[in-house]
Every structure is written in structure tokens, then in C-alpha cells.
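One-letter residues, chain by chain:
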Amino acid sequence: MEYLIGIQGPDYVLVAADNVAASSIIQMKHDYDKMFKLSDKILLLCVGEAGDTVQFAEYIQKNVQLYKMRNGYELSPSAAANFTRKNLADYLRSRTPYHVNLLLAGHDDADGPGLFYMDYLASLAKAPFAAHGYGAFLTLSILDRYYRPDLTRDEAVDLLKKCVEELNRRFILNLPSFNVRLIDKDGIHDMEKISIGTK
Amino acid sequence: MALQDLCNFGDMFQEPGYLEESPIQFGFPFASSESVPLPFPMGHGTTTLAFLFQGGVLAAADTRSSCSGLVACPAAQKILPIHSHLVGTTSGTSADCALWKRILSRELRLYQLRHGRRLSTGGAAKLLSHMLHPFKGTELCVAATLCGWDGGELDDGCRDDHKGSEADDSERRDTTETPKADVETTAGAPGEKVSLSKTQSSSCTKRQCSRRKISFSGPGLFYVCSDGTRLEGKLFSVGSGSPYAYSILDQGVRWGLTVEEATSIAREAVYRATHRDAYSGNFVDIYHVTPNGWTRRTREDLKEEYYREKERVKTRGKQRETSREKKSKHRGVFWRDKLASSEQILN
Numbered sequence: 001m002e003y004l005i006g007i008q009g010p011d012y013v014l015v016a017a018d019n020v021a022a023s024s025i026i027q028m029k030h031d032y033d034k035m036f037k038l039s040d041k042i043l044l045l046c047v048g049e050a051g052d053t054v055q056f057a058e059y060i061q062k063n064v065q066l067y068k069m070r071n072g073y074e075l076s077p078s079a080a081a082n083f084t085r086k087n088l089a090d091y092l093r094s095r096t097p098y099h100v101n102l103l104l105a106g107h108d109d110a111d112g113p114g115l116f117y118m119d120y121l122a123s124l125a126k127a128p129f130a131a132h133g134y135g136a137f138l139t140l141s142i143l144d145r146y147y148r149p150d151l152t153r154d155e156a157v158d159l160l161k162k163c164v165e166e167l168n169r170r171f172i173l174n175l176p177s178f179n180v181r182l183i184d185k186d187g188i189h190d191m192e193k194i195s196i197g198t199k
Numbered sequence: 001m002a003l004q005d006l007c008n009f010g011d012m013f014q015e016p017g018y019l020e021e022s023p024i025q026f027g028f029p030f031a032s033s034e035s036v037p038l039p040f041p042m043g044h045g046t047t048t049l050a051f052l053f054q055g056g057v058l059a060a061a062d063t064r065s066s067c068s069g070l071v072a073c074p075a076a077q078k079i080l081p082i083h084s085h086l087v088g089t090t091s092g093t094s095a096d097c098a099l100w101k102r103i104l105s106r107e108l109r110l111y112q113l114r115h116g117r118r119l120s121t122g123g124a125a126k127l128l129s130h131m132l133h134p135f136k137g138t139e140l141c142v143a144a145t146l147c148g149w150d151g152g153e154l155d156d157g158c159r160d161d162h163k164g165s166e167a168d169d170s171e172r173r174d175t176t177e178t179p180k181a182d183v184e185t186t187a188g189a190p191g192e193k194v195s196l197s198k199t200q201s202s203s204c205t206k207r208q209c210s211r212r213k214i215s216f217s218g219p220g221l222f223y224v225c226s227d228g229t230r231l232e233g234k235l236f237s238v239g240s241g242s243p244y245a246y247s248i249l250d251q252g253v254r255w256g257l258t259v260e261e262a263t264s265i266a267r268e269a270v271y272r273a274t275h276r277d278a279y280s281g282n283f284v285d286i287y288h289v290t291p292n293g294w295t296r297r298t299r300e301d302l303k304e305e306y307y308r309e310k311e312r313v314k315t316r317g318k319q320r321e322t323s324r325e326k327k328s329k330h331r332g333v334f335w336r337d338k339l340a341s342s343e344q345i346l347n
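In the order they appear, the protein sequences are chains A and B.
When we follow full-length UniProt numbering, the leftmost residue of the first sequence carries the number 1, and every step to the right adds one.
When we follow full-length UniProt numbering, the leftmost residue of the second sequence carries the number 1, and every step to the right adds one.
Certain hints may be false.
Dumping the calculated PhoX-like pairs for lysine-lysine here, alpha-carbon to alpha-carbon at most 25 Å [as the list claims (entries may be wrong)]:
#: 1; chain 1: A; residue 1: K68; chain 2: A; residue 2: K86
#: 2; chain 1: A; residue 1: K193; chain 2: A; residue 2: K29
#: 3; chain 1: A; residue 1: K185; chain 2: A; residue 2: K126
#: 4; chain 1: B; residue 1: K318; chain 2: A; residue 2: K29
#: 5; chain 1: B; residue 1: K136; chain 2: A; residue 2: K62
#: 6; chain 1: A; residue 1: K86; chain 2: B; residue 2: K326
#: 7; chain 1: A; residue 1: K161; chain 2: A; residue 2: K62
#: 8; chain 1: B; residue 1: K303; chain 2: B; residue 2: K326
#: 9; chain 1: A; residue 1: K29; chain 2: A; residue 2: K86
#: 10; chain 1: A; residue 1: K62; chain 2: B; residue 2: K314
#: 11; chain 1: A; residue 1: K68; chain 2: A; residue 2: K161
#: 12; chain 1: A; residue 1: K29; chain 2: B; residue 2: K126
#: 13; chain 1: B; residue 1: K234; chain 2: A; residue 2: K29
#: 14; chain 1: A; residue 1: K29; chain 2: A; residue 2: K68
#: 15; chain 1: B; residue 1: K126; chain 2: B; residue 2: K136
#: 16; chain 1: B; residue 1: K327; chain 2: B; residue 2: K303
#: 17; chain 1: B; residue 1: K303; chain 2: B; residue 2: K101
#: 18; chain 1: B; residue 1: K234; chain 2: A; residue 2: K193
#: 19; chain 1: B; residue 1: K310; chain 2: B; residue 2: K329
#: 20; chain 1: A; residue 1: K185; chain 2: A; residue 2: K161
#: 21; chain 1: B; residue 1: K318; chain 2: B; residue 2: K329
Derived list of chain B stretches under chain A, where covered just means 3 residues or more per stretch with a C-beta under 8 Å from a C-beta of chain A [unchecked claim]:
#: 22; region: 106-113
#: 23; region: 254-262
These are calculated hints, taken from the structure and not from any lab test.
This structure is a prediction, so every number in the text was calculated from the model and none was measured.
For glycine and all other residues, C-beta sits at the position ideal for the given N, C-alpha and C.
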């Protein structure tokens, strides 16, 4: 139903998420934002079960901000990803596991850009590109085929548009528009939304 | 409401300790068994809707309370006022909804006494969502839309943070224009940053926070569900009749509606939904929330609406008959020539 995608470049990470908030067969919102800002240079993209997504993502968000208040410096993307995974793992075998799939994207001054893939079973993998949702089945091979570690920003956006085009052609559900953001050493930048018909 | 059907409560009636047989002999075990599977998870047995427009927030709902295919109450109240400027539509289990609305009223009143201001609609929605979270996975079922008008009389601590931000611009404008401007900011039009920061902070007690709280006075509409969903929007419809209502509302709801137009489209949407949905019906309630509080329209019987529409269709049919007769006199000539030319083509 929902779709997340992330592409890491040499000095940036490009992420996109669809904008639909659905409830059984009805689209309740067409402009829903699935990205949560953990800090100035870290974004958490979160999809999954209805209430769990917002609860878990806001919990992680507030804890990352609390760390900054207590210690005076921010968590790095890698540290934030490991913290998130630990929380998922702790709740996994409790009575209330969180059924959420996440992408964490961030830029570290020391380590550079990073994209982390996490799923509801608390697995964590640092990957050059990743996707969540049924749409991932259709788009991962496009990413495999065209991805290079030295993609420029425009090439990455084109690759993203290729993936969206494929979804609009073959995916059974209607995902009309996508939020796109780019993270680099200067922070998080909002890019132009991709909708059906964008060239 | 129809939840009992979904949860297959049919067998519960087999074992009452103090009754040998259930006094209600509707053939319960047979009536409630589902021989045909539902096409998708059916919403709760009701039709409620709410939307924003330039005149405030309009909320409408039917009044049928159903239980296992039986109408338990034809005149229930599905829109419950929470305080003078906040109204909530309810869907799901009526008992749960009534209880949680009262709990919400109590908590909002306590907040108002402690902090000296009313909690915004978004804050009330968040409060309700967090109160319902521990019950996730149980059979508690509440799907509500909170419709309110936010006051905007904040404590001064926050105002200083906003000099030069987008929110401040909207506050400086005229009160008549504020709702439009504020709804635009919440829709994220000036950029995603606005919507991002809205999801983050709900109180502005810490000055060091790098985020800005968007404080405004204007209408607010939030959908809260016991499964944890909490959505902000301009138009929501909840319940088993909601697909029918959505299709009517999507055709006509715009920001610039007058109060009469908005009322009439809300009435029509509920009427069409009650016509098609078995679990909705009887009367329609309409509440309108403005800066001065909520007002309620007299409850209307939709049965009358059905007969009125039949009359309208009949009179329209008669009008079409008479105009057709007039046209056919001219048409006779037209058709004669057309037949002649087609015969030529065939030959």
C-alpha cells in the first residue's frame, strides 16, 4: 500500500514517500507526510500499521531531541539508527510489538551520508539504496540496474522518477503523488513533489 | 452498531444463564451468520462526516444505532459536544464513544483550568489518541472526528518566537481572513517545513527548541481512531456509509461555500448514504462550529426527504414529458427527412 524509497549519493541522500493515508478502501488524505525530522540532518521515514507508525516515530523523535538537550550534541545517523533498532527489538517480543518499516536517512559531518533500512523484525542494514512496500518489488531492480555510487543529484532525481513511472504503470494501487527530500551537509531540503504527469 | 456482526457475537446469545431462551425470537443464530464474506473490512455502522469551509466547520451524522441487524435506537445522538467550541462525531461502539468523549471533556476542562487557555483541536486529538493507545489490540472501538474552533488566545511566551515567521503573518491579518490563511498553512502549501514542525511540537514551553509552534486561531478538523490513526484534514467521513458520503462531498465541497450550501450538501450526503447503507438511517443531525461556538440544526427525518425527492422526480418527469411533446412536433419533419436520406445511402 505505502511506498518509501531512499537513494544515497556521494555526499547526499535522496528520499521519497507517497502521500496517501488510507483506511480500508478509502483514501482519507492525499497529502499526508510520512517523514519525521529527527534532527537537522536526519529524517525517519515510517510506514506500517495505522497507529504504530506515528507513535513509534514520534517516540524516537522525542528521544533523539532529548539526547541533544541532555548532552549538548546530536546523535549521528548511525547512532540514531541503532537506537531505533534497539527499541524495535526490545518491543518485538513484548505484548505490544510495533509493526513498522523504516528508512532512516542522514548526513554525518564525519562519516558522510548514510541510508539505513529497518523492518518490523528489528533488522538493520546500511544500504546504498532501499525501498519499502509492495512497490519495492517493482522498483528494486530498476535501482539495481541504474544505480552508481557517483550519481549526481539530478541523476538521482531522474532515477527516482523512473521508479515512480514504473509504479504508475504496473502497480495496482493509485499513488498519485510523492514527497521528495534531499539531505546533505547543509541540512534537509524539500524538493518538488512528484505527481502523475511530472516529467 | 454493526460491530457485533464483524466480531461474530451471534453465539454469545446462546448461553444466558438466567434465561432458558432468548425472548427475542428473530432466529438470531441464523440471522447473524455470514454466509457471504464481506468484500472488505466494513466500517462501523454509521455515517458521519465533517468538513471545513469559510464559515467554520460543519459536522453531520445519521442517528441510527444498530446491533446485529436490529435497530437498537432510531434516534441516537452521534455528534457529542465536548465543550463550547469543540464537537466530536462518533463512530464505533456507542458506549465506548460516549465514555471517551466524557473523559476527553473532563481532561480538556482540567487543562483549561490549569493552563488558562483552551487546548487546540489538534491538542485535543493528540490527547485522545494517547489515551486510547493502551487499548490498542483490544475490542475498544472509537473512530471520531473532532471539529473545533481554536481560540488563539495564547500565553505570551510563544508569541516572541514567531516574529517574522509565517504563522505571525496570518495572525496579523483580519479575523475574517485568518481561517483561510491558517488552513492553507496547515495544508503545507508554503512548504513541507510547516507541516513537519506541526507534527513535532505541541507545547511551546521550551524556548531553546529549534522548531516553531504554529499557533493560530481558526477551524480545526482531526480524525482520531482507536487503532492509533490521527489525521488532520479538511474533509472526513467515517463509518459504513462513508464511501457513499465521500462521493457526494467530493463533488461539491469547496472552501467558498456559504453556510446554507454547506448544510445542504452535508444533508444530501447523509441522505444518500442512509439510502444505500443498511446500518445508517432515520434522522440527520447537523452541527456548525463558528468562532462563537457550536450551533445545532433541528433534527430532520430523512424519510420525508425520500418522499420529497420522489415528488421532485415525478414533477421533473412530467416537465420532460411536456417539453418532449413540443419537440416531437418539430421532430416529425426532421425524422422524415433523415429517413429519406438514409434510404438513399442504402440504395
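So which hints don't hold here, by number, going up? Result: hints 4, 6, 7, 8, 9, 10, 11, 14, 16, 17, 19, 22 and 23 break, sorted rising.
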